[in-house]
Amino acid sequence: MLPAITTDKLTKRFGDFTAVDQITFEVNKGEIFGFLGANGAGKTTAMRMLNGLSRPSGGQAAVAGFDVYRETEKIKKHIGYMSQKFSLYEDLTVRENIQFYGGIYGLPGKEIRRQVQELIGGLGMQAYANTLVKSIPLGWKQKLSFSIAIMHRPEIVFLDEPTGGVDPITRRQFWEMIYKAASEGMTVFVTTHYMDEAEYCDRVSIMVDGRIAALDRPRALKEQFGAGSMNDVFLQLTRPKP
Amino acid sequence: MRTVLFIIRKEFLQIFRHKVMLPLIFLMPVIQLVILAHAADFEVKNINLHIVDQDRSQASVQLIGKFRACRNFNLVGYSFTNQPAFDEIQSGDADLFLEIPPNFQRDLIRHNAASLQISVNAINGVQAGLANAYASAIIQDFNRQIRTEWARSPALKAPAGLSVTYSNWFNPDMNYQTFMVPGILVLLVTLIGMFLSGMNIVKEKEIGTIEQINVTPIRKYQFIIGKLLPFWIIALVELSIGLVVGWLIFDIPFVGSLWLIFGFAAIYLLVVLGLGLLVSTITETQQQAMFVSWFFLIIFILMSGLFTPIESMPAWAQAITRFNPVAYFVDVMRLVLLKGSNLMDIRLHVAVMLTAALLVNTLAVVNYRKTN
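Here the protein sequences line up with chains A and B, keeping their order. Numbered as in the numbering used here, the first sequence ends at 248 without a single skipped number. Numbered as in the numbering used here, the second sequence ends at 1388 without a single skipped number.
FYI, nobody ran anything at the bench for these hints, they're computed from the structure. Take the hints with a grain of salt, since some may be wrong.
Stated by the list, open to error - Computed footprint of chain B on chain A, listed as stretches where at least three residues anywhere in the stretch have a Cβ under 8 Å from a Cβ of chain B:
#: 1; stretch: 9–16
#: 2; stretch: 93–103
What the hints assert, rightly or not - Distance ranges between label pairs, derived from CB positions:
#: 3; chain 1: B; residue 1: Arg1018; chain 2: A; residue 2: Leu8; range: 30 to 38 Å
#: 4; chain 1: A; residue 1: Lys140; chain 2: B; residue 2: His1054; range: 35 to 43 Å
#: 5; chain 1: A; residue 1: Gly170; chain 2: B; residue 2: Lys1219; range: 52 to 60 Å
#: 6; chain 1: B; residue 1: Leu1364; chain 2: A; residue 2: Phe23; range: 48 to 56 Å
#: 7; chain 1: B; residue 1: Lys1219; chain 2: A; residue 2: Phe23; range: 46 to 54 Å
#: 8; chain 1: B; residue 1: Arg1018; chain 2: A; residue 2: Asn34; range: 30 to 38 Å
#: 9; chain 1: B; residue 1: Glu1300; chain 2: A; residue 2: Asp14; range: 29 to 37 Å
#: 10; chain 1: A; residue 1: Gly127; chain 2: B; residue 2: Ala1367; range: 30 to 38 Å
#: 11; chain 1: B; residue 1: Lys1219; chain 2: A; residue 2: Gln132; range: 29 to 37 Å
As the structure is a computational prediction, the values presented were derived from the model and not from experiment. Glycine residues also receive a C-beta, built at the ideal position from the N, C-alpha and C atoms.
Let the hints inform the model, and build the full structure from the sequences given.
Take a look at the structure:
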């Protein structure tokens, strides 16, 4: 079985600054892959190269079997993306946002209508269906963003800090949604700052200064670093050396 | 095509949802049209005149009477020496003074010639030029009159004068509004179109939604067309409203075909909106887009031939106007609405606009990058 994502010495430079420095890894199909790192470690930049928003400066990578240099538009058919910056239209209603993105992904009209029902029902957002997105609570916005990012049934979904700033209950619900998507065979590539969330992942990589400093199953990493939690692992790796 | 429709629907939803946008798009231009059409009038009225009469003769009184009768002049002062006139020009109370020298009437009768002096405050060159012209016309008229009156006296056998009569084609009354309204309408449609489209993509960049679009398999041309069409429709509606206002309030003659006007506008708007989108693709914030749009608009508007005739510009400036879409549309509006030109007459304009539309929009599509 082909891996969902493979990278080989993937690099991105902005002038003299190397944001992502020769990272090499594989993400298996159906896996929940945690992509960890401090602010500015290069997580978002790496993710943007993989989903075709940013052109790599060097190295190789393939997403869903397509090359990140030559086949970005093919990649885009097979992925979903939820960016760090909230990116639904605040001046459209919940329903209109779903309809719009369904249309952009080329879903047939019947399918869009079905998704509108299912999505709003599934999220328990009936009361908000015709409310402008700007007036619904953040947690619901994030859940809606995720649902819209996967409404076209992509093979891989990229989530960039999807739970930033939301309450613990909503985070829990969010991860239930992620598990559900993974159980249906979707590959989930997720960045986070919450170390408890790192424990939920099948495998995690930890980026430090543009490089991958560690990559394994959470349990294996804890053993390797002799740490009680992922939090300790993270601190050991990212804390500035004295 | 379906994808394009989804974008168009979304744009319209967003435009009509914002309560400030509707009056901004549809009401403001009408107000501007009404105000500007009355204000942008090259006729100079209410010129404040001071007369220095050092002669105090029958002839001088007659001349003064002529000035008083002219509606372009306001007689604000009358004196027998120069000083009060200087003062009034200095203080701004008078724009112009006419000095009738001593012995004006005597010279006129004895030597069949006399001189008058007109001094104009020329800070506003246009007003000064016109004030001069009006004053000269009145004096000429006075001249003719006294010649006919006094012709009986054998001493004043004046040579037969040559007079010229004018016939103003296509705008027989030399009505400035007839001349200006179609042009102002072009400007308003251009402003609204360029700003709406210029701000649009860059706004999505600012709020971050463009990323979400760029990560979808949407084709670049679909996105650009989807962004262009809503504003194209709005601008055409705007033009229709403006034409109705021009017809109702300003009595603009519709000599030529309206189909031709709208046909040309349809192509013209592709150019203007395409330029806006191009600006949107090369800038990162709405503020930048605003500045870049203004840079072009100011040049387009001042060099459009609306306020100053292109024919009187220096050769290099005339060369620039050949790249100015606004100049073409102003020209076409006047040609078709006032003169009744047909498609054959404006075929060159159409060809240029078609080429420009193709060029600008191709550039906008190429320049819009989904991958940075």
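Evaluation of the provided hints:
no.: 1; hint: 9–16; result: violated (count 0)
no.: 2; hint: 93–103; result: holds (count 7)
no.: 3; hint: Arg1018(B) / Leu8(A): 30 to 38 Å; result: holds, 32 Å
no.: 4; hint: Lys140(A) / His1054(B): 35 to 43 Å; result: holds, 42 Å
no.: 5; hint: Gly170(A) / Lys1219(B): 52 to 60 Å; result: violated, 23 Å
no.: 6; hint: Leu1364(B) / Phe23(A): 48 to 56 Å; result: holds, 53 Å
no.: 7; hint: Lys1219(B) / Phe23(A): 46 to 54 Å; result: violated, 29 Å
no.: 8; hint: Arg1018(B) / Asn34(A): 30 to 38 Å; result: holds, 35 Å
no.: 9; hint: Glu1300(B) / Asp14(A): 29 to 37 Å; result: holds, 32 Å
no.: 10; hint: Gly127(A) / Ala1367(B): 30 to 38 Å; result: violated, 56 Å
no.: 11; hint: Lys1219(B) / Gln132(A): 29 to 37 Å; result: holds, 31 Å
Hint compliance for this structure: hints 1, 5, 7, 10 are not met, and every other hint is.
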